[in-house]
Structures are given as structure tokens and as C-alpha cells.
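Engineer: Sequence:
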Amino acid sequence: MNAILSFVLRLVIILLLYVFVGWIGYSIFMDLRKGVYEKDRPVIPPMSLTATVGELTQSKQFTIPEITIGRDPANPFHLPDSTISLRHLKLSYHNNQWWAEDLDSTNGSYLNDLEIESPVVLTNGDELRLGQIFVTIRIN
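Numbered as in this note's numbering, the sequence shown ends at 142 without a single skipped number.
Simulated from the structure, these hints should not be mistaken for lab results.
Glycine residues also receive a C-beta, built at the ideal position from the N, C-alpha and C atoms.
Certain hints may be false.
[To be verified] So the derived label-pair ranges between C-beta atoms look like this: (1) Val23 with Asp74: 54 to 60 Å; (2) Val21 with Lys62: 48 to 54 Å; (3) Pro82 with Arg35: 42 to 48 Å; (4) Leu11 with Arg35: 53 to 59 Å.
With the hints as extra help, turn the sequences into a complete structure.
Structural biologist: Here it is, written out as C-alpha cells:
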């Protein structure tokens, strides 16, 4: 009886040892995998947009890499004004910077009173003029 009990205890200890080694291997694998994916994914700094349309002040914060501004309600930042095109301006985050690009709007887009003719880099506190609407940018 002692031989059978000794054999069963040895099997249980070996089984627990394999489970322990497997758990360590799985933990190391998950840590390495997590580190690789976090390095590939850029951290997008939040951007706050504030605009006044008539008597209504609209403010919204974004953490997505691309924001379109326009009169179309499907835009993430919707501005219901007749001087704004349906898809007026695109804000995008790449190369660790926020960029503004006019989308061939009718009334043009201006950054700090300079017309946007090609993509330009945005900084904290910049002011966009889209049609007759002013949009203040805060990059947190």
C-alpha cells in the first residue's frame, strides 16, 4: 500500500510542477506580447475643440487619430453653419503631431489667419477659422 501511495503522490507533485512551469511560461509570453503591442500603438494626446455657432458654444474632446469637421451631422465635430462645407477640414494625428488639412472647402480654412493650402502642424492654442466660425484647439 505504501508503494501505491508513494507513486500517486509523486505523480501529483510532477503534475503540479508541470502546471507551475506552464503558468510561468504563459505569464512570460503574455508580458512579452503586451510589451510588443504597446510599443507599436502610438499614444494619441487628447485634443479639445471649442467653437461658437451663434449663441451656442460647442466643446468636445477627442482621442481618435482622425477628426473631420463640417456641416454634415456624420462628422465627429459637427458645425451647423451655412458657411461651413459638408466636409470642411480634416484633423489627423501622425508622426507624433496633429495636422490640419482643408478638404477643398468652399470658403476655405485658416490657421491663425493664414490660409491652409497644404497640411499644417497644429500646436496648443491655435485658432482655426472655417467659414465664419472660429475653432480653438487645445492639445492636452
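Engineer: Are the hints correct? Go through all of them and say.
Structural biologist: Here is what the structure says about each hint:
1. Val23 with Asp74: 54 to 60 Å: Holds, since Val23 and Asp74 (Cβ atoms, about 58 Å apart) stay within the stated range.
2. Val21 with Lys62: 48 to 54 Å: Since the Cβ atoms of Val21 and Lys62 sit about 50 Å apart, the hinted range of 48 to 54 Å holds.
3. Pro82 with Arg35: 42 to 48 Å: holds (45 Å)
4. Leu11 with Arg35: 53 to 59 Å: Between Leu11 and Arg35, where Cβ atoms are some 36 Å apart, the hint is violated.
Going down the numbered hints, you'll see the structure goes against just number 4.
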